[in-house]
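Student: So you can see what is in the structure, the chains are spelled out below.
Number of protein chains: 4
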Amino acid sequence: MAIVLGPNQYGKAENRVVRIVRDTPRHEIHDLNVSTALRGDFAAAHTDGDQSRVLPTDTQKNTAFAFAKKHGVTSPEDYALALARRLVEATPAATGAAVLVEQYAWDRIMVDGTGHDHAFVRRGGEVRTTEVDLSAEAAHVTSGLKDLVVLKSTGSEFKGFLRDDYTTLPEADDRILATSLTARWRYADRGRVDWNSAYDDVRALLLATFATTYSRALQETLYAMGRTVLEAHGEIAEIAFTAPNKHHFLVDLAPFGLDNPGEVFIAADRPYGLIEATVTRDDDA
Amino acid sequence: MAIVLGPNQYGKAENRVVRIVRDTPRHEIHDLNVSTALRGDFAAAHTDGDQSRVLPTDTQKNTAFAFAKKHGVTSPEDYALALARRLVEATPAATGAAVLVEQYAWDRIMVDGTGHDHAFVRRGGEVRTTEVDLSAEAAHVTSGLKDLVVLKSTGSEFKGFLRDDYTTLPEADDRILATSLTARWRYADRGRVDWNSAYDDVRALLLATFATTYSRALQETLYAMGRTVLEAHGEIAEIAFTAPNKHHFLVDLAPFGLDNPGEVFIAADRPYGLIEATVTRDDDA
Amino acid sequence: MAIVLGPNQYGKAENRVVRIVRDTPRHEIHDLNVSTALRGDFAAAHTDGDQSRVLPTDTQKNTAFAFAKKHGVTSPEDYALALARRLVEATPAATGAAVLVEQYAWDRIMVDGTGHDHAFVRRGGEVRTTEVDLSAEAAHVTSGLKDLVVLKSTGSEFKGFLRDDYTTLPEADDRILATSLTARWRYADRGRVDWNSAYDDVRALLLATFATTYSRALQETLYAMGRTVLEAHGEIAEIAFTAPNKHHFLVDLAPFGLDNPGEVFIAADRPYGLIEATVTRDDDA
Amino acid sequence: MAIVLGPNQYGKAENRVVRIVRDTPRHEIHDLNVSTALRGDFAAAHTDGDQSRVLPTDTQKNTAFAFAKKHGVTSPEDYALALARRLVEATPAATGAAVLVEQYAWDRIMVDGTGHDHAFVRRGGEVRTTEVDLSAEAAHVTSGLKDLVVLKSTGSEFKGFLRDDYTTLPEADDRILATSLTARWRYADRGRVDWNSAYDDVRALLLATFATTYSRALQETLYAMGRTVLEAHGEIAEIAFTAPNKHHFLVDLAPFGLDNPGEVFIAADRPYGLIEATVTRDDDA
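Read top to bottom, the protein sequences are chains F, S, D and A.
For the first sequence, the residue numbers in this note's numbering are 196 to 480.
For the second sequence, the residue numbers in this note's numbering are 196 to 480.
For the third sequence, the residue numbers in this note's numbering are 196 to 480.
For the fourth sequence, the residue numbers in this note's numbering are 196 to 480.
One should not assume that every hint holds.
You can't tell identical chains apart in this list, so a pair holds if it fits in one copy or across any two.
[What the hints assert, rightly or not] List of simulated lysine-lysine pairs, BS3-like, C-alpha gap at most 27 Å:
{"hint": "1", "residue 1": "LYS264", "residue 2": "LYS441"}
{"hint": "2", "residue 1": "LYS354", "residue 2": "LYS441"}
{"hint": "3", "residue 1": "LYS441", "residue 2": "LYS265"}
{"hint": "4", "residue 1": "LYS441", "residue 2": "LYS341"}
It should be emphasised that the hints constitute simulated quantities derived from the structure, not laboratory data.
Here the structure is a predicted model, which is why all the values come from computation and not from measurement.
Whenever a hint applies, use it, and build me the whole structure from the sequences.
Tutor: Here it is, written out as structure tokens:
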């Protein structure tokens with residue numbers, strides 16, 4: 196069997212693009228972390244060191260910054276689509292491009308009850324994400340969020356599970372449920388999407404469903420969140436979750452003469468449960 | 196010259212104490228990272244391995260969790276003072292204790308326009324801190340915040356600076372000013388402080404002053420922030436800042452036929468300017 | 196279209212298993228980070244909150260620690276295979292399991308020229324990895340390393356690349372080439388593999404090939420490394436690389452009257468080139 | 196009481212200086228992270244925004260890179276001393292400077308049993324550090340290391356400690372002792388020090404003493420390590436340690452019918468004991 200080149204791609208990762216919109220005295224800020232990658236017929240670069248088909252990663256970086264000016268950043272999705280198209284057009288050997296964007300949110304600083312024109316404080320919390328995958332056939336947009344840390348202080352149980360010789364876990368009637376959520380939803384139909392309002396709405400649906408769903412396991416909560424999103428957003432084809440179960444263990448205070456009815460917990464680091472689930476549509480149904 | 200033990204202390208760091216207040220169906224959450232340390236005459240533990248005067252760090256941990264129940268967490272300052280007193284009382288050889296608390300903020304999840312009773316989303320952004328230092332003579336409380344990331348997209352210059360043979364920096368009339376602020380303010384008078392409202396007010400003053408001060412250097416901005424806080428809060432003796440200058444460099448888009456009047460920046464990681472300054476009161480003035 | 200559950204799995208991540216072998220006074224240490232995941236028919240847990248088929252992640256954790264005793268850790272691959280088999284056997288609904296192991300290396304502390312019996316210093320540098328994927332059909336073992344940071348101070352160029360309107364990069368005749376390598380190689384034939392010696396040999400081949408290959412691009416270097424490994428190890432089916440190009444930029448010292456013939460560089464953080472490539476075997480060749 | 200400026204300093208942090216010595220085909224690499232700070236009379240910069248006395252942090256950065264060429268990096272201490280002197284000389288308002296250097300070690304890649312001329316692999320493990328503090332009166336050099344992770348699998352106990360109402364810890368006859376050591380030693384006499392050989396020797400003494408000292412507490416081990424260093428190195432005035440007690444808890448395998456005589460541990464993240472101790476010389480003794 197001959198030794199050959201398999202799947203490969205290359206690009207520039209983590210371009211920290213900050214775009215200030217200053218057409219009026221009331222500035223806006225778009226704070227992005229942009230990664231690009233090209234795939235296609237780049238075999239000669241690997242096997243012969245021939246770079247003649249390779250658009251340098253430095254050029255990909257330049258394009259990411261130039262497009263923040265030339266095309267603008269009305270939404271990360273729109274910007275990523277334009278950037279992906281440009282990179283493929285500029286690279287004859289490319290059959291596709293992937294552009295990943297993280298967006299960090301900022302709030303205006305409040306002064307005397309009003310948001311300031313050009314002073315901002317970083318919001319923290321979750322990061323908005325998008326991944327554009329462009330090929331000759333299609334442009335897929337998968338948007339999402341990560342690091343959305345949520346917690347319920349009641350309304351969560353875990354019981355009736357399978358037991359084997361290594362099972363010591365007691366059943367829990369009332370526990371803390373907490374996770375640092377990553378969600379990624381793929382748009383089926385790009386034509387009619389208002390990227391920013393769709394993001395805001397999906398985020399709100401995820402949070403509200405987490406809050407109001409009685410949880411018999413993190414799996415059940417994730418599925419409910421996904422179903423709610425798909426029911427409300429016909430333009431979304433599927434949604435995938437990665438959810439570390441951030442364990443909060445009840446501390447035994449009995450040795451100190453204190454009871455602890457769900458009041459004092461230790462937040463644990465490692466290990467953690469890791470639940471991954473996709474909610475999708477059944478074409479045959 | 197004999198070899199002797201010098202300054203020393205020991206304790207338990209980063210106890211992740213989570214306290215749920217569930218006296219009513221509307222729960223509250225206090226999410227803390229607690230570190231304790233004892234100092235005093237612990238020489239025998241070092242020189243002879245004699246632990247008879249040493250309250251174990253495991254016990255310090257237990258006390259931190261037990262006090263979250265027994266004493267409660269109305270504020271990190273109040274909790275830290277109680278914990279420090281207990282640790283010193285329990286350890287005859289101790290001459291002092293230091294308790295550091297970080298507090299992570301959570302918001303209620305909004306459901307139909309109302310904050311949910313027992314579901315929360317971590318706010319992100321800055322971390323509230325306090326450091327209590329207790330000795331036989333006094334209890335010092337130094338509160339603060341860290342990781343408060345702020346940015347001004349205009350209203351900042353840097354010029355007229357000293358030049359030498361290694362100076363290449365051009366003067367800047369209009370630049371981005373950004374920092375990830377750490378501030379620590381020491382209370383002179385603990386008797387009359389409402390810890391939570393003091394924190395909220397200092398944070399608001401820091402942000403508003405950052406926003407509204409024209410900046411000829413980060414040093415000037417920090418000093419203005421400190422002065423504002425001391426003027427408004429007679430109970431605060433001094434305030435110290437650590438402020439990395441998070442550089443945002445204007446990207447040269449001229450090679451691509453684009454101008455860039457303060458619109459597209461690259462956010463740099465390292466190196467960064469690091470400005471440290473204290474604003475205090477002059478007893479003689 | 197109905198809304199249905201898509202791909203899903205669950206497990207316990209980052210169990211920090213430390214196994215001391217103390218059958219003789221000369222101890223050995225195996226320091227692991229173990230993550231497990233089960234997949235199969237767990238739909239009821241998601242859709243109905245029914246946990247009766249779910250082996251808790253807590254049980255998976257217990258099994259990981261118990262197997263460090265019961266089965267031992269002669270190699271991470273061998274341990275992961277045994278653990279994966281147990282988890283699938285214990286869970287009737289499971290159709291497969293994935294076990295990921297990171298191993299941290301320790302050296303004996305040298306005392307008077309001899310390695311100590313029971314005192315160790317962590318080596319740092321790269322982390323050894325393995326991923327076992329067990330299903331009814333097969334057990335795939337993909338071993339590797341990550342965080343192997345390598346650098347060549349000469350013997351690297353980058354020129355002759357594609358140029359477009361956004362290309363400003365000058366050609367480089369002699370540059371620093373550096374990366375933090377992740378490599379993962381899949382074994383085709385598990386029957387005859389000595390996991391530990393195979394790991395040592397692949398690591399040595401990767402390093403030696405990196406050192407001795409003149410590089411016209413990181414792509415060329417990666418391909419050469421992969422080819423060398425596949426040529427020497429018939430039991431390896433393919434090898435995949437993820438290699439951030441850790442840029443070292445030559446500093447312009449001319450303003451200070453100093454030349455800089457490849458002597459002083461600034462190591463940059465972000466952005467970075469990111470090269471991904473797989474070297475495999477062509478079954479048809 | 197008037198509001199006034201208190202202690203302050205400013206500089207450029209984390210300049211990633213990489214110096215290649217290529218005078219011969221056998222290259223050497225010095226990989227540094229350099230932070231500088233100036234202190235003195237910079238009040239006008241804070242109170243009036245007057246930068247005329249302020250040498251920009253950008254200039255400090257330029258100087259750090261230029262001195263890697265002009266002065267060279269035979270040792271981090273020697274380089275830091277030269278850089279500190281230059282910065283104070285260039286800044287009339289400065290009364291002192293602090294220069295911190297971290298050095299990352301690289302090994303030559305082995306090819307056919309020989310270290311390669313210009314290909315290196317980063318060693319990992321501990322980072323070598325130095326802090327030079329220069330004032331009109333003196334130049335203090337405090338060198339050290341951090342992230343030196345060491346572990347003893349036996350030869351460590353912890354018993355006979357103080358107990359109170361919150362003490363639940365059982366006594367331990369045989370436990371794992373592990374820490375990630377930070378050590379900083381201040382040189383009393385700079386005149387006769389060979390910085391590199393001193394570093395190597397202190398590191399070796401710390402490791403050997405850790406290995407060979409029976410430990411009745413981490414405090415005792417640290418003190419023994421410090422005493423050994425001071426006894427062997429008359430040029431060192433004192434040594435300070437920061438040592439997190441990286442807990443390894445014995446896992447209870449009894450529920451699974453397995454005994455666990457010191458063989459299987461879980462390495463915990465947080466909380467951790469934190470022991471800080473200084474060993475010094477008594478001038479009066």
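Student: Now tell me, hint by hint, if it's right for this structure.
Tutor: Hints and how they fare:
1. LYS264 <-> LYS441: between (41 Å within a copy, 22 Å between copies)
2. LYS354 <-> LYS441: within (18 Å within a copy, 34 Å between copies)
3. LYS441 <-> LYS265: Classified as between; 25 Å across copies, 43 Å inside a copy.
4. LYS441 <-> LYS341: Both: 15 Å inside a chain and 24 Å across chains, each within 27 Å.
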